[in-house]
Amino acid sequence: MSSHCAVVEDPSVLERENKILLMGCPNVGKSVFFSELTGVYVVSSNYTGTTVSFMEGKMQLGDKSYHLIDLPGTYTMNASSEAEAVAVRFMESGPKAVLFVLDATNLEGGLRLALELKRYNVPIVYALNMIDVAQRKGLDIDVSLLAQKLGGQVIPTVAVKREGFDAIRAALQRVAEAPLAATGEAATALACSVCRAGCSFCPQAGAISCQANELYWQQARQIAQEVVKSTSSTPSRLDRLGDVMMRPWPGIPIALVVVLASLGVVVGAGKALRAVLLLPLVNNVIVPFVRGLFTKFIPPGILLNILVGEYGFFVISFEWILALIMPYVLIFYVVFTFLEDTGYMPRLAVLFDNVVRKVGVQGGSLINIMLAFGCAVPAIIGTRAATTRKERLMVTTMICFAVPCISQTGALLSLTGSYSVWMMLGTMGVALVVFVLVGMITSRLYKGTIDPLIIEVPNLLAPDRQAYWVKLKVRVKDFLLEAEGPMLLAVAIAAIFKESGMLDAVASFLEPVMVGWLGLPREAVMGLVLGIVRREMAVAPLLALNLTPFQMFTGAVVALLYLPCLSVFGILAKEFDTRVALGITAATTLTSLLVGGLIHKIGTLLLGVV
Amino acid sequence: MRKNRNRSAHAPARDLYRADEGKQYAIKQVPPAALLSCLGICPDSIVQKKYRYRFGGPVLLQVGSREVAVGKDIASHILVEEV
Chain X
1 MSSHCAVVED PSVLERENKI LLMGCPNVGK SVFFSELTGV YVVSSNYTGT
51 TVSFMEGKMQ LGDKSYHLID LPGTYTMNAS SEAEAVAVRF MESGPKAVLF
101 VLDATNLEGG LRLALELKRY NVPIVYALNM IDVAQRKGLD IDVSLLAQKL
151 GGQVIPTVAV KREGFDAIRA ALQRVAEAPL AATGEAATAL ACSVCRAGCS
201 FCPQAGAISC QANELYWQQA RQIAQEVVKS TSSTPSRLDR LGDVMMRPWP
251 GIPIALVVVL ASLGVVVGAG KALRAVLLLP LVNNVIVPFV RGLFTKFIPP
301 GILLNILVGE YGFFVISFEW ILALIMPYVL IFYVVFTFLE DTGYMPRLAV
351 LFDNVVRKVG VQGGSLINIM LAFGCAVPAI IGTRAATTRK ERLMVTTMIC
401 FAVPCISQTG ALLSLTGSYS VWMMLGTMGV ALVVFVLVGM ITSRLYKGTI
451 DPLIIEVPNL LAPDRQAYWV KLKVRVKDFL LEAEGPMLLA VAIAAIFKES
501 GMLDAVASFL EPVMVGWLGL PREAVMGLVL GIVRREMAVA PLLALNLTPF
551 QMFTGAVVAL LYLPCLSVFG ILAKEFDTRV ALGITAATTL TSLLVGGLIH
601 KIGTLLLGVV
Chain B
611 MRKNRNRSAH APARDLYRAD EGKQYAIKQV PPAALLSCLG ICPDSIVQKK
661 YRYRFGGPVL LQVGSREVAV GKDIASHILV EEV
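In order, the protein sequence lines correspond to chains X and B. All letters in the first sequence, in the order written, are residues 1 to 610 by the numbering used here. All letters in the second sequence, in the order written, are residues 611 to 693 by the numbering used here.
Chain X with its partners taken away, still in its complex shape (with noise of 0.2 Å):
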């Protein structure tokens, strides 16, 4: 797996030496630092928790190769959660220094982390970020008197423009070189200053009592009323237009038209991108010139059907892949990417926390639910922000079920799409409905309790044009190199499947299911064994069938419900444990069964379609 999906783990980065640690509160830009300073791409976002463990990464500072540590962020040092857990692990195993990120728009919350930092002696360079928003805002920062106040250099910076790197680098040299002066005590005489009572918790590095965050409190305060000028009350076109965003009142019409704007744009665009250039370009361009070229080479049999034939390899490796799946993710990454850069997905958690909530979760788990429509895994590992176990796994739980991978659902809309929107629309309503529902039941059936909603609103932004084109671009390469193995496996086997006859026993195995209950032609069972491999490949070979439009909505509500991917499977097994692996598998497979049967019988009652 490549970057997005990527986990570094290895407790072994905490003995490193030469560690230099990347620290901030959530939503900073800290990703955009890492990126940067090591050429190791991390996808950022505008929301919490897009790095929820830390990665690791190599940066030259002049002729010394440091190991840069991304850690997750976080607000305080309490080590309440697992992110601040490891947080303070990397704190006490000796780093050369600390680069930590200051939000320029938000001073105090990231100063009272920075203040608590200071505990742990540990030479630290402070980067001011987003001080292109900061001004936007009318706010004028006392850079040096910060820097006074802090102990440490302070770097004005621009991260998504690149702005002030080669500072922090040559910063970051000289602290991390310079030989460990005795901060420590001027720093505790700092974090102490406000506390006349002597406090046993000073020194020491380790849980502290709600008394001395309070105090940290006061102190953060305090420094950022000294530094921060207001110098304009006018506010930007853009922070009036978040700020409208958020009243109920248009703010949840807009949020509306957004989510269908979206919706649309991702449908229309991509059924437009099928038709007029990918579909005749695979038809009539690349297919006929393969067939051409391997019949000309390889006599008539089985290896040329295999290759070349009605699912030969490189017929369907196309089809599929190219003209099916293709035109949706791009069009999907344009529009996701766009809507994460703005900062607008926390404020459909906060607009729409009330409908989710009768759903059983919270508004929050909205944000992982909607990356889910790109890809499960990212979604499932977004989860660990969870506060409760309960919420991770019916967030999880309600992804596996009925929220279609991009791919998935891109080769759903091509199939349903060209027999008639009400199908589409019909599809994804049943999607819809056994979301709903399988919230309601986990949410009696899972033990535990879920916590309300507490979310920070981040500013709004326009994305910045360099930043979204290098994300999307790591988004498409990536779906294409993670995607692409298990897809041309999926096409192997199928080639292999039907050219072999191996499809014609399963098929009458499976006959009963199938033709019995589904109401769907037997070689429809090829769906079946491809969707254990890729979630799109269940959909695929119902376009070679010519299948009624009842028979193909049947099919389509099957393939949409039934089992996550092999790369699921393999995470809900690492997040969780198998047992929860397996039982989601047997529930999504028995579920799609169930669903699609119910539809095809009551199809067939009550309007005598087959």
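Because the hints were derived from the structure by calculation, they are not lab data. The C-beta atom is built at its ideal place from N, Cα and C for all residues, glycine as well. Check each hint, because a few of them may be wrong.
Simulated crosslink set (EDC-like; lysine to aspartate or glutamate; CA at most 20 Å straight-line) [unchecked claim]:
#  : chain 1 : residue 1 : chain 2 : residue 2
1  : B       : Lys660    : X       : Asp243
2  : B       : Lys638    : B       : Glu692
3  : B       : Lys660    : X       : Asp239
4  : B       : Lys638    : B       : Asp683
5  : B       : Lys638    : X       : Glu214
6  : X       : Lys390    : B       : Asp683
7  : X       : Lys390    : X       : Asp451
8  : X       : Lys358    : B       : Glu692
9  : X       : Lys477    : X       : Glu36
10 : B       : Lys682    : X       : Asp451
11 : X       : Lys229    : X       : Asp239
12 : B       : Lys633    : X       : Glu36
Only part of the chain B face toward chain X is listed, based on derived beta-carbon distances under 8 Å [what the hints assert, rightly or not]:
#  : residue
13 : Ala629
14 : Ala644
15 : Leu645
16 : Ser647
17 : Gly650
18 : Cys652
19 : Tyr661
20 : Arg664
21 : Phe665
22 : Gly674
23 : Ala679
24 : Gly681
To give a feel for the contact side, a few chain X residues facing chain B, derived at Cβ under 10 Å [unchecked claim]:
#  : residue
25 : Leu351
26 : Lys358
27 : Ile454
28 : Asn459
29 : Thr591
Given the coordinates of chain X, work out where chain B should sit on it, guided by the hints.
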């Protein structure tokens, strides 16, 4: 979360969920949720209640320079006093 219900507290204190929108409040009492104090919602801090979302939705607060949304079940257990 439900322990800290304290209706008999001094007269002007009331819960943040039902407090009027658009006004500034001093926080008097918060339920024990770590994330609240992490986001600056702790006793004596001043917040502005911006909006409340209907049908059991959260309340949106301005805390210093940041906006924080807090779910109904927690907001109704945060006691505040108008300032």
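**Request:** Report the numbers of all earlier hints that the structure fails to satisfy, in ascending order.
**Result:** 8, 12, 13, 29
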